[in-house]
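With chain A fixed as given, assemble chains B, C, D, E and F onto it according to the hints.
Chains as they are written, first to last, in my numbering: chain A, 59 to 197; chain B, 59 to 197; chain C, 59 to 197; chain D, 59 to 197; chain E, 59 to 197; chain F, 59 to 197.
Treat the hints with care, since some could be wrong.
Which copy is meant is left open, so a pair is good if it fits within one copy or across any two.
[What the hints assert, rightly or not] No more than 30 Å apart at the CA atoms, straight line, and that leaves these computed lysine-lysine pairs for DSS-like:
1. LYS127 to LYS188
2. LYS83 to LYS94
3. LYS94 to LYS127
4. LYS94 to LYS188
If you are wondering where the hints come from, they were derived from the structure by calculation, not from laboratory data.
Protein chains: 6
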Amino acid sequence: MSNTSNKSEIAKDGVSLRYEQGLAKLTEIDGQAGHKVIDSLAGICPDLARYVIEYPFGDIYQREGLDLKTRELITVAALTALGNCQPQLNVHIHGALNVGCTREEIVEAILQMSVYAGFPAALNGMFVAKEVFAEVTTN
Amino acid sequence: MSNTSNKSEIAKDGVSLRYEQGLAKLTEIDGQAGHKVIDSLAGICPDLARYVIEYPFGDIYQREGLDLKTRELITVAALTALGNCQPQLNVHIHGALNVGCTREEIVEAILQMSVYAGFPAALNGMFVAKEVFAEVTTN
Amino acid sequence: MSNTSNKSEIAKDGVSLRYEQGLAKLTEIDGQAGHKVIDSLAGICPDLARYVIEYPFGDIYQREGLDLKTRELITVAALTALGNCQPQLNVHIHGALNVGCTREEIVEAILQMSVYAGFPAALNGMFVAKEVFAEVTTN
Amino acid sequence: MSNTSNKSEIAKDGVSLRYEQGLAKLTEIDGQAGHKVIDSLAGICPDLARYVIEYPFGDIYQREGLDLKTRELITVAALTALGNCQPQLNVHIHGALNVGCTREEIVEAILQMSVYAGFPAALNGMFVAKEVFAEVTTN
Amino acid sequence: MSNTSNKSEIAKDGVSLRYEQGLAKLTEIDGQAGHKVIDSLAGICPDLARYVIEYPFGDIYQREGLDLKTRELITVAALTALGNCQPQLNVHIHGALNVGCTREEIVEAILQMSVYAGFPAALNGMFVAKEVFAEVTTN
Amino acid sequence: MSNTSNKSEIAKDGVSLRYEQGLAKLTEIDGQAGHKVIDSLAGICPDLARYVIEYPFGDIYQREGLDLKTRELITVAALTALGNCQPQLNVHIHGALNVGCTREEIVEAILQMSVYAGFPAALNGMFVAKEVFAEVTTN
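Isolated chain A, as found in the complex:
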C-alpha cells in the first residue's frame, strides 16, 4: 500500500482499514508475542491496544521506503539505545527473527549501540537478545 493512500475506508465488520491492516501486520511481524501485549491491555486500556495496532502497525509499518527487515533492525537498535524498554525490545528481537533478520544482524545492531548510547545500553540489550535466542531455541 502506498504511503499517500487514504485509509479511512471502513472494512468489513465496521472496523477501519487501518485497524485491519495493522492487525495483519502485527501478526506478520510479532506473531504471538505481539498478540500477548494486545491481550494484556484488555482489562486496563483497550484503546491503547487499538492505537498500537492502528498507528505503529496500521500506519508506520505499512509504509514503503524501508523493508521490514531494516525497520525491525532500526527498532531493535533504538530500543537498545533508549535502555528502558526491555519488554518491547524482547518482542522486537522476536519480530526481527520472524521477518528474516539473522541472529548476527540483530547482534550487530545492538553492539553498535555501544558507540551511541554507551556500553551499559549495549550490554543490557545483548542480554535481552540472549534471552530471546534461548526462548526460540527451546521452541
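Relative to the frame of chain A, chains B, C, D, E and F by itself:
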C-alpha cells in the same frame, strides 16, 4: 576485514592499524563533517578524537554482518530516539547520504521513531534532516 | 466525541474525520504555533505532519476523561522532565495558556519536575516558560 | 500554607516544620506505600529519606497553584515519560487514587504519554497501573 | 557542618540558615555564573531560585563525606551523561575550576562518559568544556 | 602507563597489550562481578566482551589524570543519573568498594544525584547500593 582478526599490528608511522583503518572509514562515511569533529577536539582532548577514530570507526564500522547503509540508518534512528545528540545526528545524516542511503530511507528511519521515542523526538530529528538536505542541495 | 466511536468515516473532501477533527483541535490548542510546525514539515515529510494531526490531535486530544487544561499541564510537565524537547515545550506552554491555564499553573507544573527529573530539567523548562511569557506579553 | 511563608520555625520535638508538614503530606498522599519507601532507607541513607520528606512533600506538595489531584496526575505522566522510575510510578498511582483521581484519569494521563515519550513508555506505564489497580482491588 | 544537624534555626533577617549557608556555598562554588542563574529566575519563579539555593547548596553541598572537588567532578560527569543539561554543565565546569579541579581532571571525567553514555554525550560535554576554558582564558 | 603511549604492541599469546592490560584492570576493579559479565557474553557476542575489556578497561581506566577511586565514584554517579543501568551500577558499586571507596562516599555520590537527575534516580540507585552492601556483608 573479518571480525575476529587481531588488529594489534602496527601500521606504518607507528600508528596502529585500528587508527589507520578507522581514519579511512571515517573519511569514507563522514567525509568533511567527520574530520571537522576530529579537528575541533585538538585543543581540548585529542585522545577523544583518537578513540572516536579507533573504536567506532576502527572497530565497529569495520565489522561484517551489517552493510554500511544499514549501519548508518540504525545510527540515524538511534540518535533521533536519544533526542540530545543533534550535532552527531547531523553528521550521520550526511554519512547516510554518503554511503548511498536515499533521502526517503533517512526520512523513514526518523519517522519510525515517532512510535518508539515519541513525536517530539521524531520532529526534532526531522528538522535536522531538513537542515542537512538543504546544506547538501546548496553545495 | 466519545472514546469508543469509530472514526473511520470519511468527511468532506476525501479527508478522514480523524484528520479534520485533529486539525480543528490543533487550531484550538496551539493556534499559530502549531500550524507553523505543520508547515515546516511540508518540504521534508508531510506524512509526519499528517500523523501529528491525526494521532495526537485527532485521537488523543479528542478523548474524554481529562479536560484540555489538565492535558496541557501534563504535557508541559512531561516535556520538561524529558529535557530534550524544548521546541515542543514552547508550543505547549503557548497551548496551555490558550486553553485557559494560568501562568501560575504552568510554572507550578514545571517547578514540580525538579523532584522527578532534577533541578536542571526544571530550570531549563522554566527558561522556556520565561521565553513564552515574554513572547505573549509583546503580542 | 502560602508559597511565600518562611518555614524555618522549629516545631515540637526539635523537628523542623518542613519535616513535620512533609510527613503529614506524605501520609495524606502516599499512605503506606510512601512510608515503606522511607523505612527502606533507614539502614542505607536516612538523610535521603529526610530530604524526600522535606523537599518534595514539605516544600513542593504544600504549594498552592495546583490542587493535589493535578499534581499527582502530572507526576504519573512524568514518571511514565521518564520510563525508568517504575517503583515510584507504582507509589504515585496509588497516591493519585488516594487523593481522588479516578482510574480513568490515571489511564488517560499514561496513555497521553504515547505521544510525547513513545508507545513503549506508555505501555510500560500502563502495566504498572494494571498492577496497582489489581493490588487495590484485592485489598 | 555535620550531616545530622538540624538546620531549622532562623538566621538573621528572618532568612533560614539553609538559605544563608546555601547562598554562601553557591558563591564559593559557582561565583558569578551561579548568581546569574538565580537572577534569571526573578521574574518567572523566584521560589525555584530559593529552592536551588536551599536544597542543592544549603543541604547537599554542605555535606561531609565527599570534598568539593569530588562533588564537582561527579556533577560534571553526570550532566555530561544526561546530555540535555548543557547550561548547567557550563556552570559546573566553571564551578569545578573554581574549587580547584584542574582542566585535566575535568576533561578526564567527561571523556570517561564515552563508556557509560556513549560517544555523542562525551563529545557534546567536551565541547562545553572547550567553551568554558576559552571563556576563562579570555577573562 | 601514560595517556599518550601507543598500545599497539602485541603481548604474549598474540593478544594485544590493550586486551591484556584491560583484563588486569577489570580484575583489579571489578573482581568476580566483572568476570561474570564477560563470561555471560560468551554465547551471544564474545566481541562485545572483548571491546569491554579493551576500551573501558584497556584504554580509559588506564589513564592518568584521575585516580581509580574518583573514576569509580564518577561512574557510580553517572549510572545512578542515567537510571536504566542497574546491573552495571551493581558491578560498579562493588568496584568502588574494591578500589578503596568507603560506603559513605558511595552513598554521598548517589545522594547528590537527587539534585541533577531527580529523587527517583537517587532512590533507585540507593536501593542498588543497599543490595550490594548486603551482598558484601554476607560474604
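Status of each hint after checking the structure:
1. LYS127 to LYS188: Both ways: LYS127 and LYS188 sit 19 Å apart in one copy and 26 Å across, limit 30 Å.
2. LYS83 to LYS94: within (15 Å within a copy, 33 Å between copies)
3. LYS94 to LYS127: within (22 Å within a copy, 33 Å between copies)
4. LYS94 to LYS188: Both, since 21 Å and 15 Å are each at most 30 Å.
Consistency with the previously given hints is maintained throughout, with no hint failing.
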